[in-house]
Amino acid sequence: MGRGSSALIVTLWLVICGPAAATTFTAEIVDQDGKPVVNAVVTLIPEQRTSVPGASTRLPVEKTIDQRNETFIPYVTIIPRNGHVLFANNDQTTHQVYSFSPVKQFELTLNRGQISTPVVFDNPGVAALGCNIHDHMIAYVFVADSPWTALTNAQGRAVIEDVPAGSYQAQVWHPKYPPRREPPSARVSVGAETTRWAANIRVLPPAPAVRSHAGSY
Amino acid sequence: MMSFRQRLALLMIGTLIVVQIFTAVVSYGLVRSNLIEQGKRELASTTAVFMRQLNVLSERVADDVQVLSLDYALRKAVAENDRATAMSALRNHGNRIGARRMLIVDLEGNVSIDTTSESAVGTAFPFADLLDSATTDNQGTALAVLDGTIYWIVVVPVRAPDPVAFIAACVPVNDALLERLRQLSSVPQSLALATPGSDDRWSVITRTAGYQPAVAIPSPAALPAQNSIIATEQSGDRLAMTARLATAEMSPPIVAILDYPLEEALTPYRAVIIPMLLVLLGALIIALVGAMIIARSVSQPLEVLARTARRIAKGDYHRLPPPIDRRDEIGELSSTLNNMSRSIAEREAALREAVSSLETARNDAVKANEAKSQFLSNMSHELRTPLNAILGFSEVLHKQMMGPLGGSRYIEYANHIYQSGAHLLTQVEEMLDLSQAADGRLSITRKRLKPSGLLSACMAALAPEAGKANVQLSILGDPASWPAIAADAVKLQQSFTNIIHNAIKFTNAGGTVTISGEAHGAVLKIEIKDTGIGISPEELDLVVRPFHRQRPAYDSRYQGVGLGLPFAKTIIELHDGKLAINSAQGAGTTVTIELPVAVDAELHDAA
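Taken in sequence, the protein lines are chains A and B. The first sequence finishes on residue 221 if you use this note's numbering, and the numbering steps up by one all the way, no holes. The second sequence finishes on residue 690 if you use this note's numbering, and the numbering steps up by one all the way, no holes.
There could be a bad hint or two in this list.
[What the hints assert, rightly or not] 30 Å max Cα-Cα, derived BS3-like pairs, lysine-lysine:
id, chain 1, residue 1, chain 2, residue 2
1, A, Lys108, B, Lys159
2, B, Lys123, A, Lys67
3, A, Lys180, B, Lys530
4, A, Lys180, A, Lys67
[Stated by the list, open to error] Covered stretches of chain B, as calculated for chain A (at least 3 residues, CB under 8 Å):
id, stretch
5, 146 to 159
6, 234 to 244
By construction, these hints were calculated from the structure, which means they are not laboratory data. Note that CB positions come from ideal geometry on N, CA and C, so glycine has one too.
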């Protein structure tokens with residue numbers, strides 16, 4: 005099968021500077037066209053698991069996912085394991101938020117103006133959220149196991165502060181990363197100086213309109 | 084036998100019909116070949132239309148499947164791997180959209196649910212290109228052969244909300260569907276879809292009602308690109324186009340066979356044929372009348388000519404139709420015919436004049452001849468009377484019947500008178516006989532007699548003459564043994580005398596005249612042969628004509644009036660005999676006489 009076989013080129017380089025105690029890790033993610041990729045989740049997984057603090061020690065345990073203009077805001081939400089998310093319906097319509105993802109399966113009906121009870125995500129991974137009423141609404145909850153997890157901004161840059169020096173596995177996830185394929189990862193040694201990591205990932209184009217008539221012919 | 088006019092009209096009509104039929108056949112052929120070309124174009128465009136119609140169908144099915152893919156229960160069941168729920172939802176929705184077979188294909192490309200066949204579960208879905216299209220374009224649709232059935236397969240992702248699997252809805256392209264597509268086409272045709280069977284031959288999977296596999300489809304080997312026409316075959320009154328349809332990549336090839344019955348397509352043209360035939364009929368009638376008129380204008384002068392010729396043949400030159408006033412061959416023929424008849428009339432008049440003057444001359448001649456005969460007859464009679472007196476009295480004197488004469492010379496002279504008179508009488512009588520024979524009035528009196536007697540008398544009479552001329556006269560054999568004949572003794576003796584006398588006369592001194600004879604059956608043949616001067620061939624015919632003489636009259640040696648031989652010939656022929664002369668100049672002459680032998684008891688013996 006050809007899917008995803010278009011070469012995923014990952015180029016990594018490390019710029020190590022600063023003291024060995026703790027430093028700032030910066031990842032720069034571009035797509036196959038060299039454009040910065042927003043909403044990519046960059047995670048550093050320490051190779052020595054014993055010294056890893058809980059993710060919730062560094063990441064906010066509660067996040068709110070808004071629904072405005074039939075759009076989930078934000079698109080990607082990072083919470084630590086066992087963190088929870090509130091869903092706030094700020095639209096004039098009812099939303100029926102669901103997730104069939106193995107990470108967390110739930111279904112909530114939110115009337116307009118309603119805020120849900122917290123939904124706890126106790127398994128690490130990604131939950132894809134949809135609205136059964138509005139199929140174009142989609143959002144992702146990234147349940148992080150590692151405290152050193154960050155989201156890229158519009159410039160495709162994710163900044164993780166105060167990373168202890170050591171060896172890490174740097175990983176990237178993106179909603180539009182081709183399915184069933186391991187996202188790029190690299191072993192990085194974080195030293196005293198600011199560590200920069202640049203990754204190039206293949207990103208699928210935005211999902212076509214559901215009722216597209218663009219057939220094969 | 085047809086008249087010239089009929090034949091001419093027939094020729095023209097025949098030509099017209101042939102031209103019309105030729106035109107009709109050629110037109111029909113042109114229409115037909117045009118139609119074939121048009122049919123090919125129609126089929127090509129129909130093939131394209133067919134593909135577009137299938138696309139429309141696929142969009143409708145895809146829309147339905149898209150809606151289905153967003154069914155909450157279904158995607159929940161698929162996402163949560165609730166197989167029983169997913170299966171029942173697929174069946175329910177599949178029936179609604181006409182998809183007999185519904186598959187769920189996981190993101191790995193393996194079939195996880197199949198509404199019709201459990202055995203497919205766990206196997207790879209064969210049409211990966213459709214999964215790719217579904218991933219990138221939200222749907223992948225294509226014709227494909229799956230387990231021997233031709234389907235429109237629509238693959239859409241199941242979004243929950245990200246793709247978690249694919250729904251593959253398989254809509255069978257069956258006879259009813261083809262029939263619906265066929266009805267959308269503007270041309271009469273039937274339709275079939277075929278795919279290679281196990282034996283690498285095309286096997287027709289589905290077809291419309293009217294489809295007849297009339298035309299061979301090219302072998303599945305060496306197939307052209309998808310969506311292109313493989314072949315356009317014509318067989319009799321059917322035209323078939325085979326086009327390869329676009330299919331999913333891994334599908335066996337599928338061809339569409341469009342069968343285009345020319346017969347049906349020609350039907351509107353057939354409707355034109357009846358009016359065409361009516362027009363043809365009208366044209367034929369007009370042409371018939373026209374041909375009759377033209378033929379008449381050509382043949383009428385010929386008939387006039389024929390009438391003229393018939394009159395000429397009958398000899399009627401005077402009431403001829405006037406010549407035809409035309410400046411063409413017929414006009415020339417007519418004036419020539421009239422001129423000819425005029426000159427024939429003139430020549431005939433001249434001929435008639437000549438004939439009538441000839442007739443006059445002949446009548447005059449006949450009359451003159453009659454007068455001459457009459458004159459001769461009268462003359463002979465008038466001559467004989469005094470001759471009898473001369474003969475009688477000279478005999479009296481010669482025989483001194485009334486007392487002796489004074490001198491012996493008187494006796495001699497009297498004898499001369501008697502001899503000359505007797506000769507003259509003979510001549511006169513011969514002339515009279517010839518004259519009568521010429522008029523057919525001479526008759527002979529036949530008595531049975533022995534020719535020897537006649538010959539002896541002749542010999543006796545001519546012996547002095549022969550002696551004088553010193554010619555030896557003899558008879559070979561014994562004439563007494565010759566058979567009797569029926570004859571006029573006087574005239575036949577005179578004839579023999581004439582012949583022998585001639586022989587003596589034209590034989591020089593020392594020559595011979597030999598008489599011989601023998602019987603040949605019923606014919607007595609007598610030859611009188613001399614050693615004389617002979618007769619030239621050109622004169623042989625003339626010597627038997629009256630008054631012909633071989634020698635000029637002044638030749639004193641051969642005197643005579645030229646009656647001897649003609650008389651003999653005439654008399655012998657009156658006896659049913661023949662007289663022939665064989666001679667060469669200087670080599671003597673042989674006169675052969677043939678006389679019929681007398682039949683016993685026919686006549687009384689003359690002796």
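Each hint tested on the structure:
With a C-alpha separation of about 13 Å, the suggested pairing of A:Lys108 with B:Lys159 holds against the 30 Å cut-off. Of the supplied pair hints, the one linking B:Lys123 and A:Lys67 is violated, its CA atoms being roughly 69 Å apart against a limit of 30 Å. About 170 Å separates the Cα atoms of A:Lys180 and B:Lys530, which puts this hinted pair outside 30 Å; it is violated. The suggested pairing of A:Lys180 with A:Lys67 holds, with an alpha-carbon distance near 22 Å, which does not exceed 30 Å.
For the stretch 146 to 159 of chain B, the assignment as covered by chain A holds, since 6 residues bring a beta-carbon within under 8 Å of that chain's beta-carbons and 3 suffice. For the stretch 234 to 244 of chain B, the proposed coverage by chain A is satisfied: 3 residues have a C-beta within less than 8 Å of a C-beta in that chain, meeting the threshold of three.
Consistency note: the structure conflicts with the earlier hints numbered 2, 3.
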